[in-house]
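Numbering of the sequence shown is given in the working numbering, commencing with residue 96 and proceeding in unit increments.
These are calculated hints, taken from the structure and not from any lab test.
We put the CB at the ideal spot given by N, CA and C, even for glycine.
Do not take every clue at face value.
What the hints assert, rightly or not - Computed Cβ-Cβ distance ranges for the label pairs, DEER-style:
#	residue 1	residue 2	range
1	Ser-369	Glu-395	36 to 46 angstroms
2	Thr-332	Arg-182	25 to 35 angstroms
3	Lys-346	Gly-207	40 to 50 angstroms
4	Gly-216	His-424	27 to 37 angstroms
5	Ala-396	Gly-248	36 to 46 angstroms
6	Glu-167	Pro-382	34 to 44 angstroms
7	Leu-306	Ser-194	49 to 59 angstroms
8	Ser-194	Gly-307	51 to 61 angstroms
9	Glu-167	Gln-336	45 to 55 angstroms
10	Ala-396	Val-423	16 to 26 angstroms
11	Pro-199	His-424	34 to 44 angstroms
12	Lys-213	Gln-336	50 to 60 angstroms
13	Arg-260	Ala-396	19 to 29 angstroms
14	Pro-250	Asn-342	25 to 35 angstroms
Stated by the list, open to error - With a straight-line Cα cutoff of 16 angstroms, these simulated EDC-like cross-link-like pairs (lysine to aspartate or glutamate) come out:
#	residue 1	residue 2
15	Lys-318	Asp-271
16	Lys-318	Glu-356
17	Lys-346	Glu-300
18	Lys-217	Glu-198
19	Lys-318	Glu-339
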Amino acid sequence: MSTPKKSKRPLRPPTKKKTEPAGQRSERPTLRGEAAFGEAGGRGGLARPARAPVAAPGARASAPGAELAEPERLQKVLAQAGIGSRREIEEWIVAGRISVNGEPAVLGQKVGPGDRVKCNGKLVQLRSAARSPRVLMYHKPEGEIVSREDPEGRPTVFERLPILRKGRWIAVGRLDFNTSGLLLFTNDGTVANRLMHPRYELEREYAVRLLGQLTDEQVESLKAGVQLEDGLARFTTLSDQGGEGVNHWYKVTLLEGRNREVRRMFEAVGLTVSRLMRVRYGPVSLPSRLKRGMWMEMPEAEVCELAGLPKPQGQASRPGERERKVRVHRTTPRERNPGK
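Take these sequences, add in the hints, and give me the full structure.
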């Protein structure tokens with residue numbers, strides 16, 4: 096019986112299995128190029144970037160910049176939502192027309208994204224992200240009132256404006272029923288407050304037609320200031336624009352917008368205004384192509400400059416692409432609801 100031949104290969108000594116301390120075992124093979132990363136604080140290497148934590152099943156990933164905003168004053172939040180100007184909102188708070196989480200609001204109260212704010216019983220959708228405000232330029236004709244409702248049934252300027260899906264248009268100042276010219280509207284109460292508050296001293300410029308002509312003494316009196324029922328009023332500038340017959344044109348500027356102030360100032364020196372037209376409000380002039388009853392929206396960059404906000408970082412236009420022109424909108428008053 097033959098015996099099996101033994102292998103002539105020498106037996107290798109058993110190798111010891113390399114073990115790593117607990118918590119330092121590699122879960123995957125080292126990829127090429129990973130040796131460049133050393134331990135944090137090690138010599139000659141960069142710290143290995145930490146892995147992002149794995150979200151729990153069903154958890155919703157939050158987008159960058161989606162953190163909740165800090166609470167802000169109620170007046171500011173509602174103004175930014177286009178509910179009204181800050182002055183109007185303060186009056187509504189005092190009158191008890193605004194509530195927060197079912198309780199009457201108080202002046203100076205702060206609200207956050209989780210609060211439920213109601214105005215006249217209706218829930219207000221608070222803005223969750225900063226948006227650029229909108230500003231409209233409207234050429235108001237004579238015969239329209241700057242009010243949402245009129246007991247006499249006269250046409251209002253709001254009947255010609257585009258409808259907003261959220262918020263409402265706020266008139267920046269007023270013009271009399273028989274006064275025409277530039278009227279600004281915004282959907283942001285903070286912007287409206289900035290444009291109307293006396294501390295910003297925005298000039299209003301008017302073209303005035305008088306029945307008669309001013310004397311040098313009357314011009315000096317109007318520049319120095321005339322006493323009206325509600326205090327002293329004066330023009331910052333007054334220039335003669337000429338005229339024919341009994342009608343004479345002047346251009347005036349002043350830093351405030353009291354009720355019928357321009358007309359009352361000329362009446363105080365014995366002259367009657369036969370036509371009054373606002374041609375500029377602050378840095379915004381009435382465009383020549385904006386005819387009576389028309390409106391146009393200001394470009395976003397100009398709105399941000401007017402409101403004192405940083406300009407939007409828009410994408411650069413492609414080569415050969417023209418900038419979109421600002422459109423002028425011809426409008427007709429909307430039909431009124433006879434039930435209101």
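Hint check results:
Checked against the hint of 36 to 46 angstroms, the C-beta distance between Ser-369 and Glu-395 comes to roughly 39 angstroms, which is consistent with it. Our hint of 25 to 35 angstroms for Thr-332 and Arg-182 holds, since their Cβ atoms are close to 28 angstroms apart. The given range of 40 to 50 angstroms is respected by Lys-346 and Gly-207, whose C-beta atoms sit roughly 49 angstroms from each other. A C-beta distance of roughly 34 angstroms is found between Gly-216 and His-424, which places it inside the suggested range of 27 to 37 angstroms.
At about 40 angstroms, the beta-carbon gap between Ala-396 and Gly-248 stays in the expected band of 36 to 46 angstroms. The supplied range of 34 to 44 angstroms is met by Glu-167 and Pro-382, whose beta-carbon atoms lie about 35 angstroms from each other. A beta carbon spacing of about 53 angstroms between Leu-306 and Ser-194 agrees with the range 49 to 59 angstroms that was offered as a hint. A hinted range of 51 to 61 angstroms holds for the C-beta pair Ser-194 and Gly-307, which are about 56 angstroms apart.
Between Glu-167 and Gln-336, the C-beta spacing of about 47 angstroms keeps the proposed range 45 to 55 angstroms intact. Look at Ala-396 against Val-423: about 19 angstroms separates their beta carbons, and that is inside 16 to 26 angstroms. Judged by the Cβ atoms, the range 34 to 44 angstroms given for Pro-199 and His-424 holds: they are separated by roughly 41 angstroms. For the pair Lys-213 and Gln-336, the beta carbons lie near 52 angstroms from each other, so the given range of 50 to 60 angstroms is met.
For Arg-260 and Ala-396, the Cβ-Cβ distance of about 23 angstroms falls inside the hinted range of 19 to 29 angstroms, so the restraint holds. Our hint of 25 to 35 angstroms for Pro-250 and Asn-342 holds, since their Cβ atoms are close to 27 angstroms apart. Between Lys-318 and Asp-271, the direct Cα distance comes to roughly 23 angstroms. Violation of the 16 angstroms bound is thereby established for this hinted pair. With a C-alpha separation of about 14 angstroms, the suggested pairing of Lys-318 with Glu-356 holds against the 16 angstroms cut-off.
Of the supplied pair hints, the one linking Lys-346 and Glu-300 holds, its CA atoms being roughly 7 angstroms apart against a limit of 16 angstroms. For the hint linking Lys-217 to Glu-198, the alpha-carbon distance of about 14 angstroms falls within 16 angstroms, and the restraint holds. Among the hinted pairs, Lys-318 with Glu-339 is inconsistent with the structure: their alpha-carbon atoms are about 24 angstroms apart, more than 16 angstroms.
When the structure is compared with the earlier hints, violations turn up for hints 15, 19 and for no others.
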